[in-house]
Amino acid sequence: MTGLVLLIKYALLYGSVLLLVAMGGMWSEHSGVINIALEGIMTIGAVAGALALCLLPEGTSAGVVILASVFFACTAGIVYSSLLAFASINLKADQTIGGTALNLMGTALALVLVKNFNLTHSGGQSPKLTYDNSPFIFKIGEVTVNVFVLIALVLLIVSYYLMYKTRFGLRLRACGEHPQAAASVGINVYRMRWAGVLISGLLGGLGGFAYVVPSVSIWNFEQGVAGMGFLSLAVMIFGQWHPVRIALCALFFALFKSLADIADSTFLGSLNLAKEIYRMMPFIFSLIVLAFTSKRSKAPKAEGIPYDKGMR
Amino acid sequence: MNKNAVSPLMMRAKAAGSSVLSSLVCILMGLVLGYLFLLLLNAEHAWDDGLLPIIKGGFKSFGNEALEATGAHMKPLGMEIAEAAPLIMTGLSVAFAFKTGLFNIGAAGQYVLGAFGGLYCALVLQLPWWVCLLAASLCGALWGAIPGILKAYLNVNEVITCIMLNWIGLYGANTLMYQGGNSPMYFLKQAKTYTVASKSPSSLIPSKIFGWDLTKTFNYSAMTIAIFLAIIVAIAIYVILEKTTFGYELKACGHNKNAAKYAGINDKRNIILSMVIAGALAGFGAGLFFLAGVEQYNPQESTALPGQGFNGISVALLASLNPIGCIFSGVFISHLSVGGNAMKQSTFPKEIADAVSGIIVYLCAFSILFKGFFRKLFGSKLFRKKEGGAKK
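Top line first, the protein sequences correspond to chains A and B. By our numbering, the letter at position 162 of the first sequence is numbered 162, and the numbering carries on one by one without gaps. By our numbering, the letter at position 296 of the second sequence is numbered 296, and the numbering carries on one by one without gaps.
Keep in mind the hints are simulated off the structure, nothing from the lab. For clarity, every value in this text was computed on a predicted model and none was experimentally measured. Treat each hint with caution, since some may be false.
Stated by the list, open to error - Derived DSS-like pairs (lysine-lysine); straight-line CA-CA distance at most 27 Å: (1) B:K268 x A:K298; (2) B:K261 x A:K295; (3) B:K257 x A:K295; (4) A:K92 x B:K189; (5) A:K295 x B:K251; (6) B:K344 x A:K128; (7) B:K257 x A:K298; (8) B:K257 x A:K92; (9) B:K376 x A:K92; (10) A:K295 x B:K268; (11) B:K243 x B:K268; (12) A:K301 x B:K268; (13) A:K309 x B:K257; (14) B:K189 x A:K128; (15) B:K199 x A:K301; (16) A:K92 x A:K298; (17) A:K92 x B:K243; (18) A:K165 x A:K298; (19) A:K309 x B:K371.
In isolation and in its complexed conformation, chain A is listed as follows (with noise of 0.2 Å):
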């Protein structure tokens, strides 16, 4: 009993965190950008968030401690997701390169903010911070859930709104699948995009920090956010750019990667397997569910094309 009730808490907490990050992915391809940074944003929302969690004096309502350290992540992912934005949308550099060169730079920078922190708050050169994390959470029943659950289940439903029911949804949209043809009409393809790209942002940070702070109350930046920005990008196109089926495989993916963390606890510990099989297992099932999923793929058309002007 008590494995299904970790399981339903990790699989909640992955799962949300999956759902935030490959929304954002998902924003920004159907813009034409393709956002391999979002792991880089990830870890700069969630070290943004995290010290701000540190900074914020003790004895601060909850409610506070919640919005301020929110808001702070997002900040920080729409800000960093801007240099991608800048590079990729005016300067028409290479997207991937771009967003790998963001994906170095975050977690060193993370490092870097971390450290500083520690040299000049407890003296010494310790990569990890500590924080309280109890605002985060609460209890149902005996499941323990966060509130990034349902932060993330409003942002699905506003993303979902607003992706296709809404002229801006359909004109961001327009833009990924044939800006010259959008442009034709009168679209700003140049500000479409770069609106989709600081939404991913947006989601990106706030996903970084609900994978951070919720599960843990002392974190290690040396790993960044461990891959989770690209187990997202692979949730978003297993689930073919639509904000619905994202969100079911994104609880998929979570329950595969939830093995991990329950296996101690419950049967599945004498079978005596090393942790690490654990963790191999949403990569490989990924890597699985890509190679049967890529031949039909719905990928925006235009996505990764730098757009010009000149070229009708």
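Use these hints to put chain B onto chain A, whose structure you have.
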């Protein structure tokens, strides 16, 4: 043909010149931005304890008379060179795949598999060093083949598969090398793999070349002929890409897959081969690192992939994908990281060096802008005159 012989050469010189210049601009801008960052963190020490050690890198002990008397001033330089060899290899791996239009972000995973293959042959089978190196390349090649096959036959984006395989490779190789502490390669007391020197000295890459003892000159035990091997491979890759039909076919696939196919080039075979070679290069790099004894592998560290894999991307881009350029950019990136470690850690964390190389890659992403600028500059003044003169 003879009539135009000068001008293609000129064109090449122009292209090479503008590539080198744009890379230098990237480096300069990266260092300036890094310095600004240091100023923000701690303005008082930003130059002495921050940027100066980064710029000095492996030369930090030069001019220190006490160290020069014993020859110890050479050690940091030896470390820089020993660490440059694997970086050159991962850089070549990324650059080679890039020429075929593939982005090999999986060099890190191939590197880990290479480390496993090389160390297994050294620590368990105790084979001679060159066999171990070959095994390392073979393991890397196998790991590179998977995304190649998936790309060629199932049209799966190689970037995503490479990333997945990085983590699978890391967890897999670590499990094999650790085995709950029971692995024959794992030394419980040090919580790392055994040193190659203690288990099988003949598996260490030799440090003597034509009677010249590199270990002695550099006063550093892990200084071996690895760097020369890396340079030889870089030249070989250059020759393959620029002077052979095979290289031409690979590049044709990279430029336009459909046109290559139409011209009768087997694109599927080339995609797979290109990834296999890229994987082998990354695995070879891991061999050069671990079989020289620079560090022992720590199979319990499964939270982060080895930095050499991702730094290979920096090396390749900084070299504008030129194999010969990779030699220089590999040394430069190694210079940065040795410099980062030399910073006073109580004031500045060493990761600042990583941040600087990240900034440099970011700038490289739009270095085409700089390149175009320099090409125009050359075209307008220097070269037009000379070209005109040559034609007469």
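**OP:** For the pair supplied as a hint, A:K92 and B:K243, confirm whether the alpha-carbon distance does not exceed 27 Å.
**Re:** 32 Å, violated
Original post:
Within 27 Å, alpha carbon to alpha carbon, are A:K301 and B:K268?
Top reply: Holds: A:K301 and B:K268 sit about 23 Å apart, inside 27 Å.
Subject >> Distance restraint between B:K268 and A:K298, which requires alpha-carbon spacing of 27 Å or less >> reply: Roughly 23 Å separates the two Cα atoms, so the pair holds.
Subject >> Restraint check for A:K92 with B:K189, where alpha carbons must lie at most 27 Å apart >> reply: Violated, at roughly 53 Å.
Subject >> Proposed proximity, A:K301 with B:K199 (alpha carbon, max 27 Å) >> reply: Violated - the C-alpha atoms of A:K301 and B:K199 are around 55 Å apart, more than 27 Å.
Original post:
Is the Cα-Cα distance between B:K261 and A:K295 27 Å or less?
Top reply: 19 Å, holds
Original post:
Does the alpha-carbon distance linking B:K376 and A:K92 stay inside the 27 Å limit?
Top reply: 19 Å, holds
Original post:
Does B:K257 lie within 27 Å of A:K309 when you go C-alpha to C-alpha?
Top reply: Given that 27 Å is the threshold and the Cα spacing comes to 25 Å, the pair holds.
Original post:
Is the Cα-Cα distance between B:K189 and A:K128 27 Å or less?
Top reply: Since the Cα atoms of B:K189 and A:K128 sit roughly 25 Å apart, the hinted pair holds (cutoff 27 Å).
Original post:
Between A:K92 and A:K298, does the CA-CA distance stay at or below 27 Å?
Top reply: 24 Å, holds
Original post:
Is the hinted pair A:K165 and A:K298 satisfied, with a Cα-Cα distance of at most 27 Å?
Top reply: Judged against 27 Å, a Cα distance of about 19 Å means the pair holds.
**OP:** For the pair we were handed, B:K257 and A:K92, check the Cα-Cα distance against 27 Å.
**Re:** 22 Å, holds
Of the numbered hints given earlier, the model fails hints 4, 15, 17; all others are met.
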